[in-house]
Structures are given as structure tokens and as C-alpha cells.
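4 protein chains.
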Amino acid sequence: MGVDFELTAEQKKLKYQTREFAREVLRPAAEMADAQPDPQEAFRAMKPVYEQAAAMGMHTMFLPKEYGGGGATNVNFLIAIEELCAIDPGFPTILLVNGLALMPLLWFGTDQQREKWIGRATADTRGDFLAGWAVSERGGTANFDHPSPRAGIQLTADHDRSRGQYVLNGEKHWPCNSGGWDLRGADVNLCIVRTDRAQGGKTGLSAILVERDTPGIEYEVIDKMAHRACQNVTMTFHGARVPEENLLAEGDGDLVINRNFTWSAPIASIAAVGVARGAYEFALKWSKTYTGGGSSPIINHQAVGNLLTEIAAKIEAGRYFCWKAAHYMDKFGDQGHALGGMNKTFCGDLMQSVVFDCMRVVGVNALDRKFPMDKFYREAAVFSLYDAGNLAMQRRRAWGVMADRSFSPDTFVDSEPLEFTKSMEGYGVITEIG
Amino acid sequence: MGVDFELTAEQKKLKYQTREFAREVLRPAAEMADAQPDPQEAFRAMKPVYEQAAAMGMHTMFLPKEYGGGGATNVNFLIAIEELCAIDPGFPTILLVNGLALMPLLWFGTDQQREKWIGRATADTRGDFLAGWAVSERGGTANFDHPSPRAGIQLTADHDRSRGQYVLNGEKHWPCNSGGWDLRGADVNLCIVRTDRAQGGKTGLSAILVERDTPGIEYEVIDKMAHRACQNVTMTFHGARVPEENLLAEGDGDLVINRNFTWSAPIASIAAVGVARGAYEFALKWSKTYTGGGSSPIINHQAVGNLLTEIAAKIEAGRYFCWKAAHYMDKFGDQGHALGGMNKTFCGDLMQSVVFDCMRVVGVNALDRKFPMDKFYREAAVFSLYDAGNLAMQRRRAWGVMADRSFSPDTFVDSEPLEFTKSMEGYGVITEIG
Amino acid sequence: MGVDFELTAEQKKLKYQTREFAREVLRPAAEMADAQPDPQEAFRAMKPVYEQAAAMGMHTMFLPKEYGGGGATNVNFLIAIEELCAIDPGFPTILLVNGLALMPLLWFGTDQQREKWIGRATADTRGDFLAGWAVSERGGTANFDHPSPRAGIQLTADHDRSRGQYVLNGEKHWPCNSGGWDLRGADVNLCIVRTDRAQGGKTGLSAILVERDTPGIEYEVIDKMAHRACQNVTMTFHGARVPEENLLAEGDGDLVINRNFTWSAPIASIAAVGVARGAYEFALKWSKTYTGGGSSPIINHQAVGNLLTEIAAKIEAGRYFCWKAAHYMDKFGDQGHALGGMNKTFCGDLMQSVVFDCMRVVGVNALDRKFPMDKFYREAAVFSLYDAGNLAMQRRRAWGVMADRSFSPDTFVDSEPLEFTKSMEGYGVITEIG
Amino acid sequence: MGVDFELTAEQKKLKYQTREFAREVLRPAAEMADAQPDPQEAFRAMKPVYEQAAAMGMHTMFLPKEYGGGGATNVNFLIAIEELCAIDPGFPTILLVNGLALMPLLWFGTDQQREKWIGRATADTRGDFLAGWAVSERGGTANFDHPSPRAGIQLTADHDRSRGQYVLNGEKHWPCNSGGWDLRGADVNLCIVRTDRAQGGKTGLSAILVERDTPGIEYEVIDKMAHRACQNVTMTFHGARVPEENLLAEGDGDLVINRNFTWSAPIASIAAVGVARGAYEFALKWSKTYTGGGSSPIINHQAVGNLLTEIAAKIEAGRYFCWKAAHYMDKFGDQGHALGGMNKTFCGDLMQSVVFDCMRVVGVNALDRKFPMDKFYREAAVFSLYDAGNLAMQRRRAWGVMADRSFSPDTFVDSEPLEFTKSMEGYGVITEIG
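The listed protein sequences derive, respectively, from chains P, F, U and D.
In terms of our numbering, the first sequence is residues 238 to 671.
In terms of our numbering, the second sequence is residues 238 to 671.
In terms of our numbering, the third sequence is residues 238 to 671.
In terms of our numbering, the fourth sequence is residues 238 to 671.
A few of these clues could be false.
[Said to hold, decoys possible] Partner residues are not named here, just some residues of chain D that face chain U (Cβ under 7 angstroms, in silico):
1. G239
2. E243
3. T245
4. Q539
5. L545
6. A550
7. F558
8. F569
9. S590
10. A635
11. W636
12. P646
13. L655
14. K659
Derived by calculation from the structure, the hints in this document are not laboratory data.
Ideal Cβ placement from N, Cα and C applies to all residues, glycine included.
Chain P extracted, bound-state conformation:
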């Protein structure tokens, strides 16, 4: 009751168990995956780690108990994610994306859809169930709520009522988990599709569940500079047919996108914090042993000492902001649109610079691939760019809320509800040339 920052015994247990898993199981696999030149091989190399995580319930921990999930709060999920990301942020992205694919069923799906698909995930005994989230396209996704049907999402789903199916044509670029362990597809992919070719993004979009091995879909893996432990693909649809009962959020695909990227925002934010913390832990140790050729450890120099206090301060500030956003979403059914956007842009952008500051502490040796700074530096570039890029998508979502009459600077601090409406969409999609 009231403001409280003290972890419960259970939360501490979650934290330290996850840390042990991250250090003992995840670290060696992630380092190998990172060095693996073939991106699909890198992803596949994580399968044993994933199976162990699944055995601990990690891959469905955020799904509600009602459907067999772990029932973790957003705050608790963040605690686990930070620990994983302090070692490797690519692997927990697999978990996060399971959520991006399945959480929308809670918010927009029918009970049958929930039971079937969430049920499958939580019933997984092999420990390899994957759900993919397919929204991004090659031409870009930031303007998904553009009023023109020729802008934004271009993967079409035409209703073939005669056969009770939707026929999908087009391409997704960057969807995560979607290719599955063997490039035959994730067990299920939640795809944002244009179900109305005549309507703009606020009404023409829907979501649809596409099962593994659906004919007419090809996957090609993208070779990324970081987060190599997870898989991103180009996914091409050539008249792929999907049962009509797999459709959800008809005409509300825009809301699926916004709500998903709100839910994931504090997760991506704490992931950025986790990577920065990993770099900070290394830099702090380094500063207490390395002397820079002097007569005592470099932390004893004011420039190093001060920089480390700034690094630590930013990580602390970032973390509690993430917790706040997660806590707010715990209260309001995973909603917290502007707060999530603020959280992600703040943490994603700041933590990249924190990691570079850690490299400045370490000095030239940070460039040596035998030390982990190379990897932290690359991983840290991801957070501002993925999961709804900060420059456009995340800031736009916060902007749309803040521009609304209903918004008050007290909303979040007072934990008051804030309804996200379609009128808050579409900010910045029309270019500004007079």
C-alpha cells in the first residue's frame, strides 16, 4: 500500500534464479550465437537454451494463469527480462515476441481463440513453442495509421467467403520468431493485414493468426548486427489461405499495433537498462582493477569516478521508470499508451549512450573482441530502432495522447486511467510540406 520499491521475497527469488540461468545457461550459448556468421544457425543454437527456459516456464510466464500461463505481472516480467538482458538481449526477445503474438488474443480475441492458441503455447511440453509477430513491412510501418489505403500496411487479406478463408498476399519484413526453428514457420504468427483495400489504416486493418506450415509462405532470415540470438525474417505470402475464424480485431488492426507496442515498451525499456547494466558491471569491475599505467585503479581518478556515478544514476533512473510503466499497465489491463512511449524513448536512447560511456571507462581495450563491450555496444543500438522505432512510432503514440484534451500531467503519477482512442492516432503521418 502506497509507494514501495522493495522487492518481495518471491521477486528476489525470481531475480536471482533468472540471473543464475542467464549466467550459467544463456551466456555461453549467446556468445556462440553472436559469433556465428549464419543468422539462422545463430538462432537455432539457442533452441536448447529456450527449452531449458521453457522448462522453467519462462516462455509463457506472462500469459494469464486462466489459460495455463505463469500469470506474471508486468513488473515481475521486467525483473526477469533485466537479468537476461544483462547477459544477452537477443534471447529474451524471443520470449517478448511470444507475448506480442499472444497477448492481443487477450485484448481482442474471442474466448475460443484464446483457449486454442494460448492453450497451445502453455501446453507445450517439448519446450519449443514459438509465436511470431508480423507487422513490419519493407517500405516501413511507422505510418500504419495513414488515411490512405495505399500507405502503411500492404499485406492484404481478402475474404473468400465461399471457402471461409482469408487469402494473404504480400510481404512482412523484420517479423521476429516468425520463421520458426526450421524456417517452416513459428507455431503461430499473428499478422497485421489489410482486410479492407479501400480504407485507411485506422479502419482497414485487422489481425490474423497464421499457423505453421501454411502453404504459400516463404521465410528468409535477416543478417543483423546485434540481437543475433533471435530471428528476424522476410516473410512472403503468395495466396496463403487462412481460416476465417483466425481473424481478430477486424478493422482494429491499428489498435492491436498500438496496444502491442505499448505493452512491450517497458519490456524493451528494461531490456535497454539490462544491457547498460551489463556494460556497467563490467566497467565497474574494470575500473577497480585496471590502473591505466598509474599507481592505483582508475576508479580513483575523478573523471572515471564521476562518470561511473553518472552511469549508475542513469541506470537507476531508467529502471524505476520502467517499473512505474509496468506497474501502471498492471493496473490498467496492459494499457498505458503515452507512458509506454515515453518510457521506451527515454530508456532506449539514453542507454545507448550509457553503454558508450562504459566503453569510455574501459578505454581502448573496449575495442578488443575478447571483452564483452563490442557486443554490448552493438546490442545497445537496437532498442531505439526496433519494436516501434523511437523517432517516429513511439514518440507519435505519446504525442497523440498528450495532444488530447483528456491528458493531464497528473494522469500517470496519480495512476489514473487514460483511454486510448482512434482520435489519438495518425499524428505525424501526413507530411508537413505546405
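Since the structure of chain P is already known, use the hints to place chains F, U and D on it.
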């Protein structure tokens, strides 16, 4: 139990009552004080406001119930301070300094000292009791823990055992509240003095309580660019005699300084947040009405919308970091040395830039004195510089803790105790020239 | 020939003569003006300084020799402006605004207009000739090139052909110099007016010269937080009649605005650099004498030493960027649209933070009004906000150029010409809501 | 005469010829080298490129004509380096290090030494002459001027007078070029050695030229995250014997280090600018073609347009600051100690963030290895860390100069000389714990 950001009903009541007081009572007085050219007149003009605040118990709200105070937690004190500072940060500095003068009695005083002096404050019925905190000196205070007795604090207190008194000679520069409403002195001033002329700052310093109207003390008011609602003075001691029972923390004046500036750090931090929030509230309203000569409010432009989301994000991040620091201190008897230092340097430095960002939203009209941006901008410069300046003192305290073997990056997030020891002092006092 | 940063003997003479004037003549007057509560009194107090400057030819130094001016290059004008601004940036704004009022005659005026009005300025023997530049309006000016005639500039000038006059109605807010020494008007004001009530800002605007003592105009002085040595007013037109031969740039008022704020951009930029340099000079001296209670000057601490090197580096970088922009404009008839915008946004925003960094070096004493930091801090807030605010106007101008096909990253470094066209205008004036 | 930013026809020719070489010859080789997992193979793959560069005189262009070099000014060398670095900064580092090894002969060597060793470099007809610069050690080098002989440089050179040789024992870590194309050593390595085991770094150090194939030296290549086109090694000395006539700067090895890192500072700075410019060119093109799923290129969005203007502004500002530093050094025999340090810390730190800003423009596709952003991002991390790391070494050098009484804020702008003395060394080497 567990991480929680929801204000209790009582906390919300505190927040909104304080806000009402700030808007209705404080605002008009503070604006007049700010415009008043004579600094002592500016301070005196706040007396009626202070009396009203005292009637509400505000001036001793942070003192323990045991001694007649309000028993507010640090978190609750922060809630009130933010509201006051969103209107004017000078006035709540008077309250804060009452704490800097009296809280050390809890930590270092005898029971008699506590009962007498805290008792006087809480028994005040006129509503004008002031306690001053006198540590800074003209030559600077950052190096108070320097190993040389000729460095750091130079106000001497020589023990005249024959008369059971200490004889004080020297000067304090910048002490707050110390001159009192009439320049005859605050009701009591807690002064850091050098009781051992042969020892460095880690062992040669003590604290002593100096009563109002003690002969041999002069006060001259400093004319400041901001925080004009509170009083800072030069305080000169010419053989002022103080009863020996007023001494506390003998040989531990250094610890008094560190503990005090730890306790006040989140308060100064939330004050910075409060000022930034005041500026943000104005800028947000402005952006929803002002069009910049265009055809709709400027918030509809992406540059303005995005900047406002960044402003809001920084304020949110800053606030919860302050709450965390205060909560930690609530758990550990007001201790939290590195965390406080991190909190203040992070918020103090960041919020100055946030206020300037708010001015960028408002544009050239921010320069017009009829709008409040002029004042917010000046007030915002204070936080990095006062209450143990960030560049040296606050960073040094965090640095000393972090350089210690006992420090772990998990300490604060896990709410684990961290003992501050004299070995953590003295960082950066020896200059680095080889 | 070729890249050269060495000042000629003449340039050094200009620099050090201006410095002497700034220190001996300007400083005492500017300090008094800054402290003067009445803004018009503050401005009037600068008249003797202005007269001395005029006797040295300073007030028309930038006008071409052909018309009796000093013929100073932009680079040389910058050298002088930096020296003045290191002491006080308000006063040189008076000079700058003379240019904003008269330089457009060179670019857009007829020979008669040039001879008459520039001639008057350069023939001034009393040393009090003032020219005002009136573009800003109360509702904002950033969107002056908006396609709607109801947006942007709303001061109308209706052509009364029968009497050979334009009739002006409306208001300007923030024009500088415009009220003149006695609130009867500057000797001449160059006003941007809407001459076509049916056209948007790209074609509906013109410029017109309004002589002192023109009936139907009122002036009210704005009370600013900084730059108090110059005058900004609200200027109200009630059917003021102006001879039609005073019109220039008919239908091209937009280009007058853009070209003017291009020309002034490096001047405003070097002004920001000058203020920062003034603060830096004070902080550097302070750091070499003040000990912060330690045993040697604070510059011997690494945190202070490093911060000072960063301050100095930013000032050096800023200055040469200004020189580059001025040099480019010297080559291309005062044009250099994107480069000017980049220069001003870079320097204006950065130098505000540099001044605050200087305050961090000085510490709490920076808050004492007896030291100059208070003034530097307030002055430094102006540059991002005035003279076409950075957030919108200056960035928009650079943006429009960069978005054009003709723009190359080599343009400026190669000193190649770049034609500014109306197609580069209008960026960002339509708000982005879909 | 006087301030001039216009490139001569010759300078433009140098720029565009170098650009053509960089795009046509360097680019394909550098991309392959970057992808090559074995670092020595990566380096060797650059040999044909180096030979072509040598044929154009590039590898000795900065050496004086008197000794057969190209006689390029520092400014001209910078023009070439920027062009190379816009494509790949690893390769030009090879050229730069030739200078770090041979330029000290001009400043500290005898005429015989100059003729012999510079002569060899310039007489090279095979086009593969390499000179290495070996200063850094595993324990760190930042405190090379520490007063203790057990701190700083630990590679010892004991004088065996009987045989007219110095005997070298110890290790260098990170020297560049030093292993040569075949790990038998660069043609010559200039090594900083401790010739006096009893003296601190200000007097105990010297420089010595070590010829290729000297027995008793082993090389191991460091696997770096960036700048893979150049070679850094660990170089171990087991009683390697060097003729005594190869010694220079006896007792002044500290000055060799400082002067070298002053000379290279603007080169490293323009390299950072070059990398940022390469990223900016890509991002600018991207912004004019990619739509982000909207209806026009993303540069038409204000957030993107504004960010690009900021990116361009920082690159412009950085470049002219580099030119200034180089020009100053051209005037003063390659000296300009504080200015070089300021230049490198400013550009190195800023350009890393500029490259990340370019990635923010590009968005998630910046993570795709098929685009060049991955490489730019990694390369950009190097400049703050190598060539005397900014946090300590470069800032220390500027600090020591600025703390000196002789320093004036006018020194550099006025192109006045500034003598660097040993009294300016040693700042920050003694840690600050009291």
C-alpha cells in the same frame, strides 16, 4: 508489499492540499518576493505564507512524532515538496533547511538535545520558528574532508573548559535561514565548526547549536538570482560564546555534512523535478493554444509534440528516481549516501535542461517577464549548484561509496543496507597534479 | 588563398579595439541597464554608448561603402560582435537590427530606396540613427509561409492607389529597435506586411519602410528577462499611411524574411559564442583562484579541468563554424540559407548549455548577483528563441534546403552556390495530423 | 590572407581524387576486410590498396619534401583523410601511423636519423613500407608521465655501452602497423621505452627505432570490433638488441608522446567527422527515398528533417574545428597541444552520437548487415578510445595547458604560439584520495 507506485488516499490528499496551498497562498507571495529588489525584504514577505504553512504543520512535518513533529516519511515529504516547487522552490527551501538543522539531532544528538531543540520547533505556536544550517564558507566547502586542518571548514570553536563554552570565530557564507526574519538569527543555527585545529576534516570537525541573539554574530543577506523567497546570508562570528552542551557529533562533523546532504538530496531532486513540472505545465498549455501563426496549435507540429514527450518522459523518470531514493532512506534511517548523490546529480542537471526545453516550446515569448518562464529558468539553475554542488560534493559522495569494495550494483535495487564510513570520504580532495 | 584561420593585422585591430570599447564603455552602461526595472529606461540608458559606437562607425559598419557604410565583411562584423557580446549581447543587437532593417534594401530594394534610406543611416551625424525590423506578430511568425492567407503575417497593407499609399492595420509583437529612443519610432522600420489578403505567405507578403512619426502607430515596450539593453516593442497600426514608393519585395516578403534570418544567423550564432566566452573567461579565472576549501585552485581537480576543456572546445568549435557561415555569405551576397540555419541552431542551443557548465565550475557563488553569471545565464537563453526561433524557423529553413534535390553534403565545404527558392519554403507549416 | 574557407583548386583536386580512390579502390577491399574473421588476414587484404595508395604518394604525403615526402600541410592531409574515412577509417589509420612513427624524427631526431628512416619510407618503390608506433602497454598508458618509475611505460631499454646497444624487455599492447604485413615487424617501429629505471615518466623515457626482423620480438594480432583494415598487435620484447644510434629524445619520451598525440589529434578528429559524414550521406539518401510506409519520403516529416539538419550542423562544425587545429599546427611546427586535445575530444565524442543519430533516421533497417550502418556504428566507437583516449589522455593534455598561467582564451583564435612544457604534464596522474 512489493513494487508499488500507487499513492494512498492520504498521499493524494497531501498532494492536492499542498497544491491548493501552493497555488492560492504561495504563488502570489512568491511572485512578489521574486520581484522585490531587496533580498531580506523578499524573505520577510514570505513570513505570512510561512505562518500559514506552519498552521498546517508543514514546517515540522518531517520531524518524528516522538518529538512532536508530523512524522512524515521521506516519500511523503517529497510529494509535498514537488507541489510547492511547481509554484516556487524558494519557499520550500525554508522548510528543507529546518530539516538540515534539526534532523542531525536525531542522528547525532543526545536525547536532551533532541527534546530541547526539536521540541522548541514543534512547540512553536507563532508559526515562525526557523532553524538554520551553516556549513558553507566563502572559500568553499567541497573539500571539507581534506586531510589538512588548514583546508575545508575554517570556522573555529575553541573549548573554554573553564566557562563550559565554545568560542566561535570565523565566517559562514551561504547558510540558509540563518539570519532569521529580522537578522537577529534563526531560532537556532546548526553550525559545522572546527573543534580541533590540528586535525583534518575527517576528525577535526563537530556540529554546534547556536541560539538566536547569541552575541558576537553578524548577518549580511546575499542577493541571489533565484530562490529569492528564502534567505542566504554571510554569518560572521567574533568570539561568539556557545554553551558546551550544544555540541554534537564531536569529531564527526564530516559525517553530519555527508548525512545531511544525503537526506536532502532527494528533496533537492524532487524540487528540481517540481520546477521542471511547473515549466512543463505552462509549456503544454501554451502548445495547445498558441498557433505560431499557423492554422492549429503548435503541439500539432511534430517537433513540438516530440519535444513535449521528451520533457514529460524526463520528468516522469526523475520523479520516480526521487521516490526510490526517499523510500530507500525511509527504510534505512535517512541513509542512502551514493543513491542520494546519484539522484541529485541526475535530477539537478537534467531538469535545468528540461526547463530550457520548455522555453523552446514556448518560443520567444518565454523571454517576456509577464510569463513565468523567466522565473522557472532562473530557479532551475539552483539545483546543480546548491545543497552540496553536484560537480564536486554530490558526485564525490557517490564516488566514494562506489569505489568501496562493499558496493554492489544490486545494493539499491535490492534495498540492501550500505554503511557509509569515513574511508569513503576524501575522494578528490587532493588535487591530481603529479 | 586556401583555408586560412589567421586574422589579418586589421582584423586583430578591429577585435582589440572593439574589446576595449566593450570593456570600458559598454560594460558599465550595460550592467546598469540590466538592473534598471523599466525596460524603456534601460534602452535609453544605452544611447550614449550607441553614440560612441556610431562615432566609431559601428552602427553602419556592415553597410556597403557604396552607400556610405563601413563595408565590413560578414566575417569582420562577427569579429566585432563576439567582442561586444562577451560583455553584453543586448547592445550589439541594436546594431544587428539596423542591418535587418537596411540590408534587405540591398537585396530587394530599388536604387532610390537604397540611396535614400541607407544614405540616411550612414549620413547620421548625431549618432542616434535607428532602423527597426518588424516581422513577428503576437500569434507567432514561424508559419509565415503557410498557404492560408489567414495564417502567418496578419499586418495588412492595403493599397490606396488613389493616394499612392499603403494603409497599414494590425500589430507587430517583438520588433526590435522599432520604438526608437523616445517611443516615437525608429528613424525607419522595415515591416513585413500582407499586401494580398487572398494569397498565402509565399506570394501574399511584401516589405515596406515606415518612417518615424508616421501617424497611427503606437509602441509599447516589452519587459524582457535578458537583452535588456535593446528594445522590443508591441507596435500597433491603426490605419497608418505609408507612401507606395516605400514598398519593396512585392509578393516576396517571404524571401525577405528568409534572407534576413539567413544573414543574421551567423551574427546571432557568434553572439551566443560571445556570451559563452564571457562566462568561460570568468569561470576560468575563478577556477585558478578559488580553492573550494581545498589546498589549491579548483582547476587542479580533474572534474573541473576536464569540464573547462570541454567548455573551451565547444566555444572554439562554435566560433569557427560561425566564421565559415559568414565567409560563405561573403562569397554569395549574404546568402547561405541552410548553412545559416544550421549554424544558429547549433550555436544557440549549445552555448546555453556551455554557460550553465561555466556556472557549474563556479558553483554556488554563480547564484550571487554580484557576479556576472546571473546575467550571462539569462542572456544565453535568448539565442535559441529570438531572431527566428531555432525549434521551428531556423530548422525549417535548413530542412527545406536539405530536402531539395539540388542539395549536396559537399555544397558548403566546397563553397558552391546554392539557390534558395520558394519551393524550399513551407516545410512544417501544415500540421501532421492524419 | 585573413580568414578563408575556400579550398584552392589543388585542394579540391586532392579531395575528389582521394574520394574516387576511396570509393573505387578502398571500399570493396575494406568491406571484405571488415567481414574477414581473422584480423591479420583482414590487414593483409589491404596490401594491394596500400600499394595503390603508395603509388599515388599517399603513404608519405605528410613527410617533408626535404626528405622526399609529399610535403602536404596538415590541412591538406585532413582533406584526404576525411575522404578516405567516409568510406573506411581503418585503412587511413595505417597512413596516420606511418606519421606517428616518422614525424617525431623531424621534431626530436638527428639529421642522420631523419635521412635514414624518413628516406627509406619515401624511397619505397614496392609500395609496402610500414612504420609502426609503439607506445601503449597492457596496463595502460594514460599515466605515462606519472612521477613513479614503476608507473607508466614499463618497456625497458637498458644501455649496453660495451656493445653500443640498447636491450629491450617488456611488452607493447595495441601498437599499430607494428607487426608488418607478415608479422615479422613493420619496416621500422618507433617505441617509447624507459631508459632510466629510476626516474618518473617526465624524465625516464626515450624513443627508439626498432628495425624489422630484429631478433627477440614477437607479434600477436588483436581482434578488434572495428578499424579491422589496420593492424594492432601485442609486441613482446625478450632482450631485443637495438643499435644505440637509433635512440632519440633521450629523457624526453614524454614529450614525444604528447607531441605525437597532438599532431594526430586533428587527423583522428577529421577521421571521426569522415565516418559521421559517410553515415550522414547514407541516411540523407535513405530519407529521400524511403517512405516509412507513408505517402512521401521520410525527410518530409519534421522529426526526420530536423534531425538531419542537426546531423549536418554537427559535421560542419566538427570539420572546421579540425581545419582550424590543423592550420594552427601548420603554423607552429605541428604543435598545438591544448587545441588538438580539445579538437579530438569534441569530435571523437560527438561524432559517435552523430552516427547513432543517422541510424535513428534509417530506423530498424540500420541493423541489417547488408547496409553500411553496422560498420559505421562500430567504426565510430573507436575515435574516443584510441590514439590517446579522450577521457584521460587527450583531456589531460588540454587541461595541463589551460591550467598554466600562460594560457589565454585568445591564444588559438589569435594564432599565437603556445609553448608546451613539462610543467604542463602530469595532471591527473596522482589519484585524488585524501
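- Query: If you check each hint against the structure, which ones fail?
  - Reply: 8, 9, 13 and 14
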